[in-house]
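*Asks:* Two chains, each in its own frame: build the complex with the hints.
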Amino acid sequence: MSLDVRLIDKKILEDVIELVKPHTPQYCYQCAKCTSACSTSKVLPEYKPHLIVALTRLGLIKELLNSGIIWACSECWKCAEYCPQNVAPVEVVIALKNLAIAMGYKPPEDLKVMAKNVIELGYISPPIEVLSKEFEMYSRTTLELPPLIKPYINTEAVNNLRKLFGGVL
Amino acid sequence: MSKFLLFLGCTIPTKQYAYEISARNVLPRLGIELVDFPEAGCCGFPLKGINKKGWVYMSARILSIAAKKGLPILALCNGCDTSLRKIKDILKHDEVLRNEIAELLSREGIKLNFNVDVYHTIEVLHDFVGIERIKALVVRPLKGIKIASYPGCHMLRPTDIPRPEPSGEPKKFDSILSALGAEVGYYPDKGGCCGATMLPYSPKHAFKLTAIKIKNMKDFGFQATTTSCPYCMEMLDSKQDAIRAEVGDDTLSIPVFYITQLVGLAIGLKPKELGLNLNLSPVEEVLERLGVSIYE
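One line per chain: the protein sequences are G and L, in this order.
96 is the number of the first residue of the first sequence in this note's numbering; add one for each residue after it.
1014 is the number of the first residue of the second sequence in this note's numbering; add one for each residue after it.
Don't take each hint at face value.
[To be verified] Residues from chain G that face chain L, not an exhaustive set, calculated with beta carbons under 10 Å:
hint	residue
1	L114
2	S162
3	E204
4	P222
5	R235
6	L240
7	N255
If you are wondering where the hints come from, they were derived from the structure by calculation, not from laboratory data.
Heads up, the beta-carbon is just placed ideally off N, CA and C, and yes, glycines get one too.
Same shape as in the complex, but just chain L (with noise of 0.2 Å):
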């Protein structure tokens, strides 16, 4: 059995309730043991523009603290996973920025160690869990439904630091699809931009870049979208219908899920076990044509 501290970041614990219920539910299925990290806190990626010390401060933090724990890292968030990795980068690389973090986090009790590991949802469904396991879990197949895997900005770039699909492309995400019984495929800029960085800029443009993903899905013929990111799970999902009425596109309308919901949903777990009645997308298309209600 594989253990991790389990990360949260800050979308998911104060608001992406359905993300952080659907992996507490379906990874200890899968054999993974989650090990509560309650005194980590924000990895500071979203203030990097204000202070970048202060971001390399934050996740060096939670680093350290992990560190002594002697537990990998399992960060749910795109956000996180990057930020605490290229941290580890800058760390490792910068003599002088790593010794003012010490002395920063010295003055708090910590001492600074960023020699722990860290890992995505997408990595433990993959290469810790494996396909062949979660392939062997599956009751309810996902047969006959075609997904598009979105995977979000972070879980392919910055490439200079590991990235959890180092290939470019979402491989990974679309083989755990295979494996629950979907169909996957190509759709135009499957690695794109949802924009939630841009909201607090400006909505309507975030809504616009958001409203570009949903059309080339619905073009390429899928039925529903998955992602592993809290925020672009936020720009698709949450505000699916704002992004309508910006654009004025009626036929903008997909069922979005959480990977962690559609593994939960094949190995035979209960809507509610998953967070899907939080979901607002149009989730009852797909749990309909699998017999499943969402009210269960």
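This is chain G alone, in the form it adopts within the complex (with noise of 0.2 Å):
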């Protein structure tokens, strides 16, 4: 029997290491000390930060991206603080999410809203009427705030949000 030595998919490593710096998922030395730490974690106990970054070092990065648990990361950044090693598994879960919208996987919705919204309106959300304590709607306008402007009015920027964003739509 041959031990097969090809689990790592050196080019996503490669990819993740390059989306971290100058954090370094390489040195991690599994202490769990991340996870110990993790807010999603205290909540949901299969969410646990340095699982993720021992899989995507072993390039089992598929198993990873179709569970969907990357996107229950909280991003409190705790487990940044407490790695003993500048591993920082926060980076390294917002890292896999840019692969897993590259290679086409789907974000939750409401991100995909977010990312629609900022590209038309410049904002995550369009500005809503609220109910008061009174159960009275108010607006920017009621309110007399002044008016939200729209942030991008050059095409060029409108297309660079385009480029950069529109792939998840």
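*Replies:* As structure tokens, this is what we get:
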């Protein structure tokens, strides 16, 4: 019986390392301090940052992306603070999200809506009417706040945004 | 008088209006001049998972426009503050990315320049206005009210870039509350996460995370809490009813304020001038103790 040593997908690991620079996922020694500190892990025990880093390093990226678990990260940055090896699992997760999008995986629907709004309006959401304590609806206008202008008025700016985020729509 | 570009981000000018109202009414009374910055838009932080380069581009664009105006930025939102500082750091150290971003910006006639200072509400209150000046302006002390400061993740982390609270604890935040006359103190996981970023993945799990925070505050005898982040406010205040329903615990009720609203109350502003009628948590519990009606 021979051991298959081609488990590591070097290309994917290289992509992750490039995206998380100057953090160093290749130095992870699986102490799991990140998972002890993790906010998401407190309410979703199957979310384990140290395991995500381990699977990434083994090149088991498709399994990881198919599970959808990376989208559960609360991005609190506690894992990065607790890591003794400057791995910053949160940044590994952000890199994995970027790779997932590039590979055609779909993010949670709300994130798509945010990207669409940013391209069209310059904000993640249009200004909404809110309900007050007296059950009255208020808008920026009725609250006498200045109107929101569209920040991206330049065609080139909108083209930039489309190129950068449009792939997810 | 210190002068700042008022950078609102996304959440504040599209739904968390009470923060904008209270900041616009309170800060000038403390000697802070605010200059509107409507061409800023979103900092890109919520979209970093889709494309990191897109995030860098959006924050770099805001930094460059501000640098041209020659004024420091006041970011009201924790996420915006973190985003702008993080991108300054990334642009400083990554030459390849810096050149790519400079090229993208030049297409829309903007010259990349990230040599601009970024400050957060807590720093403007603590470091620019100062504790002594705040104390001197208090006419309605928040006496006898035990208030839990809730800094939110991005006032403390990531720690590899300068943070508004460099100690890793909300010390400036608590000293502002003390200056207003409130009681402050410890509760477990004070620097913990509200769960807002988990919302698109699973509201249920996000609510559970917020519920833990409210329970810790209640268990440690706090009568109110305050934040300086619109995402934390959204979770703690706007979604408090939904959180109680999700975890089935009716005791998870606590008044939630923006820090600018508490400063405004203490220096004598009316609730309407602070947008307090827009807070959905039971803020009137605190207002009654101060002898103030929410309808003023």
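*Asks:* Each hint should be assessed against the structure and marked as holding or not.
*Replies:* Going down the list of hints, with the structure as the test:
1. L114: holds, 6 Å
2. S162: violated, 12 Å
3. E204: holds, 7 Å
4. P222: holds, 5 Å
5. R235: holds, 7 Å
6. L240: Because about 6 Å separates L240 of chain G from the closest Cβ in chain L, which is inside the 10 Å limit, the hint holds.
7. N255: holds, 5 Å
This entry does not satisfy hint 2, going by the numbered hints stated previously; all others are met.
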